[in-house]
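**Q** Those protein sequence lines, which keep their order, are chains A and B.
Just so we're aligned, residue 693 is where the first sequence starts under the numbering used here, counting upward by one.
Just so we're aligned, residue 46 is where the second sequence starts under the numbering used here, counting upward by one.
Source of the hints: derived by calculation from the structure; they are not laboratory data.
Warning: the hint list may mix true and false statements.
Label pairs and their calculated CB-CB ranges [said to hold, decoys possible]:
#: 1; chain 1: B; residue 1: R131; chain 2: A; residue 2: Q727; range: 54 to 62 Å
#: 2; chain 1: A; residue 1: A915; chain 2: B; residue 2: S415; range: 45 to 53 Å
#: 3; chain 1: A; residue 1: L916; chain 2: B; residue 2: S415; range: 26 to 34 Å
#: 4; chain 1: B; residue 1: A100; chain 2: A; residue 2: F804; range: 35 to 43 Å
#: 5; chain 1: B; residue 1: P344; chain 2: A; residue 2: F791; range: 24 to 32 Å
#: 6; chain 1: A; residue 1: K866; chain 2: B; residue 2: L424; range: 47 to 55 Å
#: 7; chain 1: B; residue 1: E55; chain 2: A; residue 2: L987; range: 23 to 31 Å
#: 8; chain 1: B; residue 1: S415; chain 2: A; residue 2: E1005; range: 28 to 36 Å
#: 9; chain 1: A; residue 1: K923; chain 2: B; residue 2: H92; range: 54 to 62 Å
#: 10; chain 1: B; residue 1: A322; chain 2: A; residue 2: F804; range: 25 to 33 Å
#: 11; chain 1: A; residue 1: G890; chain 2: B; residue 2: L424; range: 37 to 45 Å
Just so you know, even glycine gets a beta-carbon here, dropped at the ideal spot from N, CA and C.
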Amino acid sequence: MGQAVTEPAPQLFDGATGKWEVVIGLEVHAQVSSQSKLFSGAATEFGAEPNSQVSLVDAAMPGMLPVINAYCIEQAVRTGLGLKAAVNLRSVFDRKNYFYPDLPAGYQISQFKQPIVGEGEIFIELADGAVRRVGIERLHLEQDAGKSLHDQHPKFTYVDLNRSGVALMEIVSKPDMRSSEEAGAYVRKLRTILRYLGTCDGNMDQGSMRADVNVSVRKPGGALGTRCEIKNVNSMRFIQQAVEYEARRQIEVIEGGGTIAQETRLYDANTGVTRSMRSKEEAHDYRYFPDPDLLPLVLTQAEVDAIKATLPELPDEKRRRLENELKISPYLAKVLVAEKETADYFEVLVAEAGKRTGKKPAEMGQDSANLLVMELFGLLNKDGRTIEASPVSAAALAGLLALRLDGTISGLASKEVLAEMFATGKDAASVVDEKGLRQVSDTGEIERLVDQAIADNPKQLAQFKAGKETMLGFFVGQVMKMSQGRANPAVVNDLLRKKLAG
Amino acid sequence: MELNDLTIAEMQDGLRARKFSATELAKAALAAADRAKVMNIFITETHERTLAMAAESDQRFAKGMARPLDGVPVAMKDLFCTKGVRTTAASHILDAFVPTYESTVSANLWRDGAVLLGKTNLDEFAMGSSNETSFFGPVENPWRKLGDARSRVPGGSSGGSAAVVAARIAPGATGTDTGGSIRQPAAFCGIAGIKPTYGRCSRWGIVAFASSLDQAGPMARTVRDCAILLQSMAGYDAKDSTSADLPVPDFATAITGDIRGLKIGIPTEYRVDGMPAEIAAVWDRGAQWLRDAGAEVRPVHLPMTKYALPTYYIVAPAEASSNLARYDGVRFGLRVPGTGDLTGMYEATRGEGFGKEVRRRILIGTYVLSAGYYDAYYLKAQRVRSLIARDFQKAFEQVDALLTPTAPSEAFARGEKSGDPISMYLNDVFTVPASLAGIPGMSVPAGLSGNGLPLGLQVLGRAYDEETVFRVAGVLEQAAAFAAKPEPWWVKP
């Protein structure tokens, strides 16, 4: 990979007996972006009427059989490749048996011993710039369960099976994270990669991504402690909060003379605490065994290679290219790749600007990045809009950039033009014409203004002559003001230097 | 000649020649069913639908658009889901279940013009070898021991289907076979029945017992009739991932009567201790018939045979324990509130809904899959299963088919074994190995015991080579010339 990896900077918690280190592993459940379910043709659209997207298979009617959705398999392979992971050419679907009303068959089809994807890795960057590698243990496919609705009737629970059978990828990390920040950065990075790949939309508020967080504590460098698993945490913020709370709780228990029992816990977002859900003793015996309704899933290397050939450029590679080839600063490059939509927008911006100016990407990468991140983002943020909802398209922004790069408008005027484009949806050229913001580069006209500025300010002229070079800036300002910002600053500078020197 | 005595092939000829109509056949079948109620063959009768389907067949005959099975009455084992017709699996837990869908196998039969003649009784969820575990009561074998009026079991689990054919009510019926559920009742009732290769018929819409073993097949009075029915039932189905995407050969034309030069194996290990002399004799006789017809008969070894039964009684209950988890009272079928909370509802529903044998197998299956026992039972059983399959593969390198008895005894009396599960399970000793290996097996009537009860011989073949099985079975059938019929004691004068 060629990533410079920094040694972990563990988040140390102060306890009564000294410092403690937290060890974190994450199991992220990511819903596969697919029109239909993992083993049935039923739709997967979010927010549909309860039980309106349920096939006979999803409801586990007698005699119904699962059939693997090839597209979901492809998506899992794509994800594995995106995580630089080994794809297992032979994998097996197992049944995980337990009774619950929202689990119609009484078992969940999952992959237990032979998952479709093996070990991989993700690189995360922390606020201080440190880069950390987090190992991926495995990725397997499984069905989601339905949803129990406990608030519809005073005495009964209702069941909505729309989610029943929806394809999930469970992505299991190694216990490689050492701080809540790393846990957050990991989930964010994973989400970005999934969205680049198009294999999961990453909408945490719609349940498309949720995490089980495994937390243990130990004395720095000591043996691993007993872990607790915090189930179903559904936002980045909650993941970090849950880690913090759980680490402190465990330290308190140990320092109070107790021991940590391996158990499953729930995070209560309202109170910010985790509480016990079931102990190891109460844990289900899932009686996993290979699902006899499904043959082992066998892929050929050629099929995997064909998927590999369609992989998009992923954030780490894109960022390196932006820095190395487009000469964009590390900070801006990081911002540009963090969201797939931003990156896509930026690629169109550079391509369109290239078409208009004939310049190479490397010659305008930084300008393009600045315009997008420093200026358009400001307007979007003020309006509470995302880049997808930008009233200024990438092509339109490229139009503005081109006018700026070829000197048609000044940098100052450019801000005004962008604001107008943002407000009205008009293109850059029309705004420039309407507002008369075309930059003046005609030396004759600028010379007249320069002469006037010098004539109007004898005191400042004297100071300049006396050696106060900085007075040049004053005169530039005067000329620009008189031209209402339209004069080409380079021409103004040139002429002023000549005249003042004369 | 009585219409009900006709074979399917004869019915097809008569219908095409317009000697009788589909409606006449249907009425004759329904009348025979009405006369035979005492045998408890049907769980659900379908008089109206039977007549309506027959009328449709007659219309197609009138238009000259008849299909291969048009007008042929076929009774369906009540394990096949039939759209709009109650499908119970002979269980209390499904006793009011009406599917909104049609199983692939039954749909294939209707596509070819067959006429539904009721849903036949079976062991609950196909778990049993005597049809005594049905929630709807046992089926009676049309055959009785000479001079003994006690009820005999028809075998199981497809006991109703075997009895309906043996009693000349329907010329053919569907069965399912997980460990012998087509072959053993066929032998007990003096009819033919084939379990095709696993994957030959779609399992879609068949209430599952043990998914890796369940396979549908036909039961009829002749080998040819079985071939005719299987022709319609079989075929690839994209809805069943384990169904075989292979062309379906013409089974009936495989019955050439010529087995000269064919090599037939007699598995030495099937000559079990305490095998009744009559069974050994009918087996020897069968071997001689094949020799007489020009086949080369030789002993073969299947050394893993003795492990087949214990392997089966781990694998099948394991899968069943999981397959039957869906009967939980939540979405369909019986719901018993119990103590009112969720666990109470589960316990009451499943406790009341399942019979004793089904509960026993769920317990066995749950046990062998449990943490700490999985490796010792389920995993080991799967390994032994592979070895059993390899035994057959090796044998089929030397021979083209195997000949064995179908069951270790004639039909026993009702209640004789129902208190002793092990002795009941032993009934499957000759049928279970082929189930575990997934290979086709067919039972043909070979003669009567000294007690006047039918005995069957089993022909086993290579995977997807039902053609050879039919060919050999056809020769056996011809040599045996089994023409005996049960005395119709159920018909009141």
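**Q** Could you check the structure against the hints above and give me the numbers of any it violates, in ascending order?
**A** Of the numbered hints, 1, 2, 4, 5, 6, 7, 8, 10 do not hold.
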